[in-house]
Amino acid sequence: DTGVSQNPRHKITKRGQNVTFRCDPISEHNRLYWYRQTLGQGPEFLTYFQNEAQLEKSRLLSDRFSAERPKGSFSTLEIQRTEQGDSAMYLCASSLRARASPDFGPGTRLTVL
Amino acid sequence: AQRVTQPEKLLSVFKGAPVELKCNYSYSGSPELFWYVQYSRQRLQLLLRHISRESIKGFTADLNKGETSFHLKKPFAQEEDSAMYYCALSQEGHSGGSNYKLTFGKGTLLTVNP
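First to last, the protein sequences are chains A and B.
In case it helps, this note's numbering puts the first sequence at residues 1 to 113.
In case it helps, this note's numbering puts the second sequence at residues 1 to 114.
Among the clues, some could well be false.
Each computed BS3-like pair below joins lysine-lysine, with the alpha-carbon atoms no more than 25 angstroms apart [as the list claims (entries may be wrong)]:
id: 1; chain 1: A; residue 1: Lys57; chain 2: B; residue 2: Lys106
id: 2; chain 1: B; residue 1: Lys65; chain 2: B; residue 2: Lys15
id: 3; chain 1: B; residue 1: Lys106; chain 2: B; residue 2: Lys22
id: 4; chain 1: B; residue 1: Lys57; chain 2: B; residue 2: Lys106
id: 5; chain 1: B; residue 1: Lys73; chain 2: B; residue 2: Lys57
id: 6; chain 1: A; residue 1: Lys11; chain 2: B; residue 2: Lys106
If you're looking for bench data, these hints aren't it; they were derived computationally from the structure.
As the structure is a prediction and not an experimental result, all values here were calculated from the model.
Same shape as in the complex, but just chain B (with noise of 0.2 angstroms):
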């Protein structure tokens, strides 16, 4: 079955400093990985997918099927990170093919300090 792993729940760093927010999966077809983010208040919204290799508000990911992660990266924090992420994890559908039911993981708070 497919599974998502976030380890950490609460993740607090100090402006300027690095983040990193882990994610591991398992699942046994070719993942499609995804990171959300909500802020407070605000709906879950998607922050980046690994299939656009893009950069969003500064913050990368990398997919590593060798070691089935996709941990979320950002090199300077700024206070306006604070917020809930989520990875998350598309399977086959029940058609086939990619239909976007997502597996989540169980998320991590990260907080940014001034």
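One chain only, chain A, in its complex shape (with noise of 0.2 angstroms):
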């Protein structure tokens, strides 16, 4: 599968304890967002990386979360002191250029219990 890949697909964990995701975008796509999608909702975006820069943040995105790309590649998405409010599907997805549409990937859900 050469599309944009997420590990875990699911994590559960306890209110408080520390998680983090990886996202493999398509191996030529320089840009990589990340989004969450609680229930009934449509994916909301987190925030956005072109190369290692991280470009853009979102007000959803508070100071538990953090997000890097540091070689330009694989991304990683971290909570720290996870509530129950952050359980979400976390979707990552990638594109080569402005003027391309994002592939996404299958997400990870997170459950806190």
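Need the complex rebuilt from these two chains, each delivered in its own frame; the hints are there to steer you.
Below, the structure written as structure tokens:
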């Protein structure tokens, strides 16, 4: 499968724990996006990278959230001190250039107990 | 602020019937509109975009700037069209121009009955 991949696919954690998700974009894609989708809602933009630079962050991304893309390839999204409200599907997407609509990964479903 | 509204959470039609999934938007700039589809247990995928003006899987959508709408239509629904459909709007990014940061509607679950 040469599409966007995300790991893990499912994560169950207890409130207060830290979690980290990984996204591997399509290899030549230099733009990478993180979205969050809660039940009954469409995906909501969290943050965006062009190569290794994080160019935009949503107000949804509180200081407990941090995203990195250290070498302009894979990206990680870390949530510290998780809360029950963080339970959601976290989607990663990538695109080759500004005029290309992004390809989405399968998502990581987070459940915070 | 930009917003995408899909007024129907659920839509059920019979096979062979016409189908229209509604999408309205609000955006002060010049929007780019998309329809994404998510089949059961599959990832979100692009169905069509307004600038392409093409028909995919028999679906079409016309951007109506006067009514700020981008409704998705298909004249004869098929059972395999059953899926979740999301309308999305692309807004200008940090450095100007469209960087494909998308604003999604809440989605419409289409069920096509045999």
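Are the Cα atoms of Lys106 of chain B and Lys22 of chain B separated by 25 angstroms or less? Roughly 12 angstroms separates the two Cα atoms, so the pair holds.
Compare the distance between the alpha carbons of Lys57 of chain B and Lys106 of chain B with 25 angstroms, and conclude whether the hinted pair is satisfied. Status holds; Cα separation ~22 angstroms.
Does the alpha-carbon distance linking Lys57 of chain A and Lys106 of chain B stay inside the 25 angstroms limit? holds, 21 angstroms
Does the alpha-carbon distance linking Lys11 of chain A and Lys106 of chain B stay inside the 25 angstroms limit? holds, 24 angstroms
Check whether the Cα positions of Lys73 of chain B and Lys57 of chain B lie no farther apart than 25 angstroms. Since the Cα atoms of Lys73 of chain B and Lys57 of chain B sit roughly 11 angstroms apart, the hinted pair holds (cutoff 25 angstroms).
Hint check: Lys65 of chain B vs Lys15 of chain B, CA-CA at most 25 angstroms. Holds or violated? violated, 31 angstroms
The structure shown violates just one earlier hint, number 2.
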